[in-house]
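With chain G's structure known, arrange chain R with the ligands on it following the hints.
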Amino acid sequence: MSVLNDTVDWLGDSANWSGDDGIPHRLAQHLDYTALTVVIAAAIAIPIGLWVGHTGRLRGLAVISTGALRALPTLGVLAYASLFSGIGIKPAIFTLVLLAIPPLLAGAYAGLESVNRQTIDAARAIGMTEWQILRKVEVPLALPLIIGGFRSATLQVVATATVAAYIPGPGGLGRYLIDGLAVSDYARIVGGSVVVIALALVLDGLFVILQRVALGSRPSRTPTVA
Amino acid sequence: MIEYRSIGKTFADGTEAVGDFSLQLPSRTTTVFVGSSGCGKTTLLRMVNRMVDPSHGQVLIDDVDVATRNKVELRRSIGYVMQEAGLLPHRKVIDNVALMMRLKGASKKEARDRAHEVLETVGLDSSLANRYPAQLSGGQQQRVGVARGLVTDPNILLMDEPFGAVDPIVRDELQQELLRLQRELDKTIVFVTHDIDEAFLLGDQVVILKKGGEIAQVGSPADILAKPANDFVSSFIGLDKGRRTLHVEERNGTRIVVDESGKATGVLAE
Ligand SMILES: Nc1ncnc2c1ncn2[C@@H]1O[C@H](COP(=O)(O)OP(=O)(O)OP(=O)(O)O)[C@@H](O)[C@H]1O
Ligand SMILES: [Mg+2]
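In the order they appear, the protein sequences are chains G and R. One point on numbering: in this note's numbering, the residue at position 213 of the first sequence is 213, and numbering is uninterrupted. One point on numbering: in this note's numbering, the residue at position 12 of the second sequence is 12, and numbering is uninterrupted.
Bound-form chain G, shown alone:
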């Protein structure tokens, strides 16, 4: 019980809501890493995913590499990456990007694959170019699944970005967990976790809204994200 009370006290303590180690600043950092990670991962995964989904080529490779990336142990990669790029945020971002790529890639190619073949055939038969088919037919119809990919990627990154704090330097909300652990300050550990969870829930809610918006007013028969 005392940990719970202490946590409430920790969260309520105004000292924890200001300064460089305050919750707002750590939260902003955390969001920063998350956004940076997702943007970099999307820049890599979305074009590849759309290409694989549109052409149907190298699909096997995409599936295998998605699985392989998912199997990578996060901490191991982080340690390994820091050997090369030293301390700071770079190895953490690198690790998180590897983590964010699989759901984004899968969302993109699975989204495109979910589009009815007949619809695409019809679009081609009436004289749309391949680029128009991608932009005006496949992506709009796959959008709920593509956004679903962003949703899982973002949530995984938010949760896992705590590991960035393993390496000295800036750290986001993970600082509370790692630093708290070092001095057995359980209120800080649990408090930090609560903030991470709250952040994840808020972001998840935003994505749900986004997925609805993407469907627009059209009647929905689109499969939900697995």
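Everything labelled a hint here was simulated from the structure, so no lab data went into it. It is possible that part of the hints are untrue.
[Stated by the list, open to error] Subject to a maximum C-alpha distance of 20 Å in a straight line, what follows is the list of computed DMTMM-like cross-link-like pairs (lysine to aspartate or glutamate):
id : chain 1 : residue 1 : chain 2 : residue 2
1  : R       : 108       : R       : 153
2  : R       : 211       : R       : 231
3  : R       : 263       : R       : 231
4  : R       : 210       : R       : 161
5  : R       : 104       : G       : 121
6  : R       : 211       : R       : 13
7  : R       : 227       : R       : 197
8  : R       : 104       : G       : 130
9  : R       : 92        : R       : 73
10 : R       : 104       : R       : 73
11 : R       : 187       : R       : 177
12 : R       : 92        : R       : 125
13 : R       : 71        : G       : 121
14 : R       : 92        : R       : 117
15 : R       : 187       : R       : 16
16 : R       : 92        : G       : 121
17 : R       : 92        : R       : 110
18 : R       : 71        : G       : 130
19 : G       : 136       : R       : 125
20 : G       : 136       : R       : 95
21 : R       : 211       : R       : 16
[Stated by the list, open to error] What follows is a list of derived Cβ distance ranges for each label pair:
id : chain 1 : residue 1 : chain 2 : residue 2 : range
22 : R       : 71        : G       : 70        : 56 to 66 Å
23 : G       : 39        : R       : 56        : 32 to 42 Å
24 : R       : 62        : G       : 35        : 39 to 49 Å
25 : R       : 67        : G       : 114       : 41 to 51 Å
26 : G       : 35        : R       : 15        : 26 to 36 Å
27 : G       : 201       : R       : 73        : 45 to 55 Å
28 : G       : 35        : R       : 185       : 55 to 65 Å
29 : R       : 185       : G       : 39        : 47 to 57 Å
Even for Gly, the Cβ is constructed at its ideal location relative to N, Cα and C.
Using the frame of chain G, we list chain R with the ligands on its own:
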């Protein structure tokens, strides 16, 4: 005029869909390809707009080999209507139709105005224009499909079993509508069906196909009925079952038309 010159198609997996096919389709008439499933009708149709490229031979439109034409441009110049309509599910009816105009470079307003016009031509209530395809009945969707095929006023209209998925009453309605449109519009129509009655109703020229796109007989419905080329044709058009050999009988004082088995099929117009 559309002309097939000794055309053939073998797909990558080795399936020979069409062996060796030659035919002329006169302009401003309806040619119907009819035959049972898998005989190569769709393959033949799609070679006109280069959705399928032939393995050998040529398809010519007004003496120009389609292989020399840009695929996208070619497809935009030809109307295409398919089974299940093939509408874009995320676009409203009006936008599905207007899209063709937009692809051809029309302004938004021009495209919409024209789309409304042609939706009316195919007999679709304007209140349906702002619905999504999934909110229409099968018959209404087919009308939208026809409207989309006609909106750019193409010379050639390809129709692949466009009325295959609707019930007989709606199909009858759509067929009559197409006949009326054709009287007004005078397109070169290539129509695919496996329904011989539909073929005889709509076709100026009917092409009865066997497996591999082999022509069993070409001719007007009257020619084919009067002189079926062989047993395959006789059986295909139902002559052998006596369904089409009709005679007049007097029953209860009225003259009615009956088929070979004695089943009443109509009355004689005096
Ligand atoms: N893309 C393809 N790859 C391999 N084989 C194909 C392909 N498309 C069609 N075929 C084969 O070619 C043959 C002719 O097909 P086609 O679609 O032209 O028949 P159809 O007369 O239109 O039949 P249906 O009435 O069922 O639509 C069939 O045996 C079919 O399986
Ligand atoms: Mg077919």
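Against the structure, the hints come out as follows:
1. Distance check on the hinted pair: residue 108 of chain R and residue 153 of chain R sit about 17 Å apart at the alpha-carbon level, within 20 Å; holds.
2. A threshold of 20 Å between alpha carbons decides the hint, and for residue 211 of chain R with residue 231 of chain R the separation of about 15 Å falls inside it, so the pair holds.
3. With a CA separation close to 23 Å, the supplied pair residue 263 of chain R and residue 231 of chain R exceeds the 20 Å bound.
4. Proximity of residue 210 of chain R to residue 161 of chain R is assessed by CA-CA distance (about 17 Å); at most 20 Å being required, the pair is judged to hold.
5. For the given pair, residue 104 of chain R sits about 19 Å from residue 121 of chain G by alpha-carbon distance, which is consistent with the 20 Å threshold.
6. At roughly 17 Å between alpha-carbon atoms, residue 211 of chain R and residue 13 of chain R fall within 20 Å of each other, so this suggested pair holds.
7. The hinted pair formed by residue 227 of chain R and residue 197 of chain R meets the criterion: a straight-line CA distance of about 17 Å does not exceed 20 Å.
8. Taking the CA atoms of residue 104 of chain R and residue 130 of chain G, the gap is near 16 Å; set against the 20 Å cutoff, the hint holds.
9. With a CA separation close to 24 Å, the supplied pair residue 92 of chain R and residue 73 of chain R exceeds the 20 Å bound.
10. A threshold of 20 Å between alpha carbons decides the hint, and for residue 104 of chain R with residue 73 of chain R the separation of about 9 Å falls inside it, so the pair holds.
11. A hinted pair counts as satisfied when its Cα atoms are at most 20 Å apart, and residue 187 of chain R with residue 177 of chain R qualifies at roughly 14 Å.
12. At most 20 Å may separate the alpha-carbon atoms for a hinted pair to count; residue 92 of chain R and residue 125 of chain R meet this at roughly 14 Å.
13. A threshold of 20 Å between alpha carbons decides the hint, and for residue 71 of chain R with residue 121 of chain G the separation of about 14 Å falls inside it, so the pair holds.
14. Restraint check: the Cα-Cα separation between residue 92 of chain R and residue 117 of chain R comes to about 16 Å, which is no more than 20 Å; the hinted pair holds.
15. With a C-alpha separation of about 31 Å, the suggested pair residue 187 of chain R and residue 16 of chain R falls outside the 20 Å cut-off, and the hint is violated.
16. Our distance criterion of 20 Å between C-alpha atoms is met by residue 92 of chain R and residue 121 of chain G, whose separation comes to about 19 Å.
17. Annotation: proposed proximity of residue 92 of chain R to residue 110 of chain R holds, straight-line Cα distance about 17 Å (limit 20 Å).
18. Under the criterion of a C-alpha separation no larger than 20 Å, the hint pairing residue 71 of chain R with residue 130 of chain G is consistent with the structure, at around 11 Å.
19. Taken as a hint, the residue 136 of chain G and residue 125 of chain R pair is broken in the structure, with Cα atoms around 27 Å apart against an allowance of 20 Å.
20. Of the pairs offered as hints, the one joining residue 136 of chain G and residue 95 of chain R holds, with about 12 Å between alpha carbons and a cut-off of 20 Å not exceeded.
21. The hinted pair formed by residue 211 of chain R and residue 16 of chain R meets the criterion: a straight-line CA distance of about 10 Å does not exceed 20 Å.
22. A hinted range of 56 to 66 Å for the beta carbons of residue 71 of chain R and residue 70 of chain G is inconsistent with their spacing of about 40 Å.
23. Distance hint check for residue 39 of chain G and residue 56 of chain R: the Cβ-Cβ separation is about 51 Å, which falls outside the suggested range of 32 to 42 Å.
24. Between residue 62 of chain R and residue 35 of chain G the beta carbons are some 58 Å apart, a value that contradicts the proposed interval 39 to 49 Å.
25. Evaluation of the 41 to 51 Å hint for residue 67 of chain R and residue 114 of chain G yields a failure: the beta carbon distance comes to about 34 Å.
26. Residue 35 of chain G and residue 15 of chain R have their C-beta atoms about 51 Å apart, which leaves the hinted 26 to 36 Å range violated.
27. Distance hint check: the CB atoms of residue 201 of chain G and residue 73 of chain R are about 52 Å apart, consistent with the given range 45 to 55 Å.
28. Checked against the hint of 55 to 65 Å, the pair residue 35 of chain G and residue 185 of chain R passes, with Cβ atoms roughly 56 Å apart.
29. Evaluation of the 47 to 57 Å hint for residue 185 of chain R and residue 39 of chain G yields a pass: the beta carbon distance comes to about 53 Å.
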